[in-house]
Amino acid sequence: MAELSFREAVAAGIAQEMERDPLVYFIGEDVAAAGGVFKATVGLFERFGPDRVRDTPISEQAIIGAAMGAAMTGLRPIAEIMFSDFLATCWDMIANQIAKTRYMTDGQVSLPLVIRTANGGGTRFGAQHSQSLENWAMAVPGLKVVAASNPADAKGLLAAAIRDPDPVIVFEQKSLYGIKGEVPDGEHVEPLGVAKVVRDGKDCTIVALAAMVPKAIEAAEQLSADGIEATIVDLRSLVPLDTQTILREVKKTGRLFTVEENPRLCGWGAEIASLAADEAFDDLDGPIIRITTPHVPLPAADVLEDAAMPSAQRIVDTVRKSM
Amino acid sequence: MAELSFREAVAAGIAQEMERDPLVYFIGEDVAAAGGVFKATVGLFERFGPDRVRDTPISEQAIIGAAMGAAMTGLRPIAEIMFSDFLATCWDMIANQIAKTRYMTDGQVSLPLVIRTANGGGTRFGAQHSQSLENWAMAVPGLKVVAASNPADAKGLLAAAIRDPDPVIVFEQKSLYGIKGEVPDGEHVEPLGVAKVVRDGKDCTIVALAAMVPKAIEAAEQLSADGIEATIVDLRSLVPLDTQTILREVKKTGRLFTVEENPRLCGWGAEIASLAADEAFDDLDGPIIRITTPHVPLPAADVLEDAAMPSAQRIVDTVRKSM
Amino acid sequence: MSTQVKKPATAEIDRETRLRLYQLMVELRDFEQRAYELFLENLVRGTSHLALGQEAISAGYAVAMRPDDYTFCTYRGHGHTLARGASMAGAFAELMGRGNGMLHGKGGSMHLTDVKHGAMGSYAIVGAHLPIAAGAAWSAQVRKSGQVAVCFFGDGTTNIGAFHEALNLAVVWKLPVVFVCENNGYMEYTPIESVTAVKHPAADRAAAYGLEPILVDGNDADIMYETAQTTIAKARSGAGPSLVEALTYRHGGHSRADPGKYRPDAELREWLAKDPIKRYRERLVANRVPEAELAGIETRAQEKVDEATEEARNGAPARVDAIERQVWSDGSARWRN
Amino acid sequence: MSTQVKKPATAEIDRETRLRLYQLMVELRDFEQRAYELFLENLVRGTSHLALGQEAISAGYAVAMRPDDYTFCTYRGHGHTLARGASMAGAFAELMGRGNGMLHGKGGSMHLTDVKHGAMGSYAIVGAHLPIAAGAAWSAQVRKSGQVAVCFFGDGTTNIGAFHEALNLAVVWKLPVVFVCENNGYMEYTPIESVTAVKHPAADRAAAYGLEPILVDGNDADIMYETAQTTIAKARSGAGPSLVEALTYRHGGHSRADPGKYRPDAELREWLAKDPIKRYRERLVANRVPEAELAGIETRAQEKVDEATEEARNGAPARVDAIERQVWSDGSARWRN
Ligand SMILES: Cc1ncc(C[n+]2csc(CCOP(=O)(O)OP(=O)(O)O)c2C)c(N)n1
Ligand SMILES: Cc1ncc(C[n+]2csc(CCOP(=O)(O)OP(=O)(O)O)c2C)c(N)n1
Ligand SMILES: [Mg+2]
Ligand SMILES: [Mg+2]
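Protein sequence lines correspond, in order, to chains G, L, X and E.
Residue numbers for the first sequence follow our numbering, so the first one is 1 and each next one is one higher.
Residue numbers for the second sequence follow our numbering, so the first one is 324 and each next one is one higher.
Residue numbers for the third sequence follow our numbering, so the first one is 647 and each next one is one higher.
Residue numbers for the fourth sequence follow our numbering, so the first one is 984 and each next one is one higher.
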């Protein structure tokens, strides 16, 4: 085991797969010599050269379109979209072309590609550089959607995404890039579509994703002091969704909370809530409660941003009040 | 009262507001002399002239950007995006610029604009021209979202959207353009954010939107023959959302079904379900069940498309089975 | 702007190639005519966009392409797809929503695709396929396969952002891709000159990407074939992309719903007189190809279309279980475990 | 491509205007320097993008604009916003996330906006504001207000689709808008020439929109002022848009996190020697403006910046209740009843 930062784990995941498979190519803005604006791809250019690690113009549609065209003709491209907010500038490519082409051609076309993107708030970048947009991707049939909460998963899930024969969007939480954690030595791949129970408690189930997982864990420690024991499910993958784990844990505890960094409406937690309200209804002992950013764009100032995003304290208060 | 088709009602709504307010302008592709590819704007060009009803190039970003720039400087523009699927080509303009600018400037900028777009399936156009994308818009803080189920609302809600001081996306279901209905004579405006109970029943509440409303009504007649009486709520507006009406009706009947044309994940019904599972939990007598298109792109062939979209029969079967 | 229509010194094109060009144009014409008849018979589901009158472009390129080259086209893509060798019956059946359709009914007229013949898809959102074609060319470049991607699109497409991004990237990366603008004078119902800052929407913009303007008569099969040869050869040699503007006209409306009434009579007459097939036939006759040989080609084309129609008509409706198939590579549509 | 840098015959610019240009450049410079110092003091929240070295462009245009004209700029927009008359204290406070910030902390450095001074916003997603500026110009056109929209953006922005769509629309509709590309040679860390098909990313593309190429020295305040006058006058007269490429350089890195090490030393030295303020001061002195007068301007600028800093520092943190305000025109953030 080595201790790596999240950003180092990302680079390690890409390197592992580029080493293994010569058809893996990586493109994006300022990703080559510069090593990416979040320094999550440092060293790749030096190691794999300018053919396999290429800078692009500021042309998000061309970046994603190029990845699609390459994937359908034999490469396994990885495209970086610098901030997930910019997915909007190439959303047609993602939601209408990449997501639908295999289906429309009834399987003639395969699209083994990965879109990596820096996601989420907490860095005072303001409303156009801080969104948590996993739900945009989850809402589009044909896209797989992954988000890691720690360095080991950052590497393992990214590696799996690169190997996956279908398009995968990998959301990397900006607020996690600096955190460190143990990453298994040697080849490391985590299967897509498997959630992880990271804490076991009998009183309620808290489902969280990416940067909300450490917050939920922090909250659970505090709740434990009050005698409330929470199970925490780290979703890791929104599509495919590990409904078995979610439903099992909800049924065990009878209570469900979601912790979502996104603004409320149509967040992934709504989908989880509707799933539980249908398939675990008889086991529910109380309302399903979602803890989200309010339905507003994210403000820039530190005090505002911190107050808007779900915090451990807000999780504690919400759970406590409703149990 | 006059009988109008849905498409005529749309044109009537625009005409009413252009007549009333000289600052209302209308732009889009093939909307002027051609009257729009769905013939929903026939006559406007002749009546209001080439200055107020303008054709654009195929440049969705420029269309929506132009509407935004005009709205912030004194006009009340209406922009047509021909098919809602093409919202993806200008999603940055909508989701990152229009939705966020008032908030980021703490109210310095107002954006009284309307985006009209033809939405949904049933016309065998295939996966890139048939999506129901209300949930994309609902997920973005700063956008109001409206969808009518009949000609009177098509006119009245559109008129209200044009008068609204904030950006509103009006989804017009393609499968409804041809249907006819009574539209009140004279000025007609329906408030945004008010759902309508279109059928009253004691056994369950079915929440539907746009083209799913007539399907739900059809299903309710059949269910009634079996002794199941359904309340039907026509949402009409997703943002603002009439949670009072929804919760009241769910509490009355104890059962909630949603009927959504969109593919399942993160559809607007998920949000309604999560709302009820939280705020009406104690009154629920059984699982919340969502009837949606499966989570796939929409296929083109008639038999496939019909089988994929929610039908009256599927609603009947689902409700019957679970009651 | 005064870009001139190029008249390449028509090099000798051999007889066999010319007959192949003629045959292909006639087949595509007959296919589209039949598609229109099937529509009148109410057998075509959904929309369709015919390329009647634009056959010289698809034929010229298809004949010049290597079997493993890539074609990317639009919703107006029946011709481009068939020209690469895709099944006519599969195309008809797809238009009719049948299970024996090229896409088993899942795509429809706007999305004809036949990957095994290099027909990499018909794209229905304006502009999207230009970056995708660049991507296929990028793949060919790094795989050193020698393949070329050819990407067809309309005049209206030159005003969308994806056009600009794709052209710039293709030039910067020197990709083996040929962008072919089929300028038929109209978007849907709106004349292109009313919404475009320059006279020649593609050719007058070539310089913005450091490219030479190439403006050609898109209704002349010889010219299109030669243009295809030079631009494909340039791409294949590693010298990078080209942007071609081919002037043409669609004989009918934009789509099945459109009678095309917005077009001045005189304009329509003028272009019907420039029908690429009529012109080419006259040229072949003038070049001493026997009438009977041409008539034979025409008869065989009709027979081919008749047979394909029959095969398509006999297909069963699309299979409903296909709905939940092929979202993913494992063949399934599963989003949960 | 061989577009030449234009050296407009410097018409007589009156002394007062020149001093105003100098004053403005000095103020913008001092503001940015102070912003950098505040960052080092750890008082700036979030990111910031300084325009040190690019002051001649913002000053030249701002001085030529009518008070009711519109400015649209990017995240690198402190200068453009202040040049229109926005409050320095409000800008500093916004950078510091204070309640007395120009946007009460809700926007931050990248989104400075002061509508009452015509500063219509700083846009942080590359390219988006070009169509928006065109829209403001459309509004001015139909309202017959005589207003002009001026839109500033970087070299890297010329490769994104929105650039292309905005330019075409503006020309087709003959909108009163001036597009000003500040070519500082770099995107974030990548040289523009490595990702662009032409040498001059804006000027070499003007013809693609039927426009004349305008390539100017962006570090010369007189030239920028004259260019502003002619392009704004053209727009105001109803003769439509212009596309200007102003050659310049940023003295620092792309953003606060970037030391800018990717730039060759010689290049940096060369451009520092072309510092627009230093050059302009020398020219003024050569034109017999007394040293003391310039020193006075400089002192007053420092004082203004000092006062603004003080005012900003004294601000309370942003008010948390602002979070649920101003999503909608009624001041609220209510999505439900
Ligand atoms: C982004 C986008 N906007 C609008 C449309 C609707 N639309 C379909 S075809 C078409 C006209 C395209 O014109 P052109 O590029 O000249 O191609 P042609 O149909 O003439 O072959 C339009 C506007 C679309 N499919 N995609
Ligand atoms: C669509 C989009 N892609 C990428 C970025 C990230 N980004 C911010 S500034 C920048 C460089 C812009 O370069 P240029 O247009 O030359 O402006 P400059 O910063 O030099 O003033 C990039 C890539 C962005 N903000 N928006
Ligand atoms: Mg056309
Ligand atoms: Mg730059």
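No lab work stands behind these hints: they were computed from the structure.
There's no promise every hint is true.
Stated by the list, open to error - Derived list of chain X stretches under chain E, where covered just means 3 residues or more per stretch with a C-beta under 8 Å from a C-beta of chain E:
no.: 1; stretch: 796–808
no.: 2; stretch: 830–844
no.: 3; stretch: 873–879
Stated by the list, open to error - Quick look at which bits of chain X chain L covers, simulated, 3 or more residues with Cβ under 8 Å:
no.: 4; stretch: 687–694
no.: 5; stretch: 702–716
Think of the CB as a built atom: it goes at the ideal place given N, C-alpha and C, for glycine as much as any other residue.
Looking at the structure, which of the earlier hints fail to hold? 3, 5
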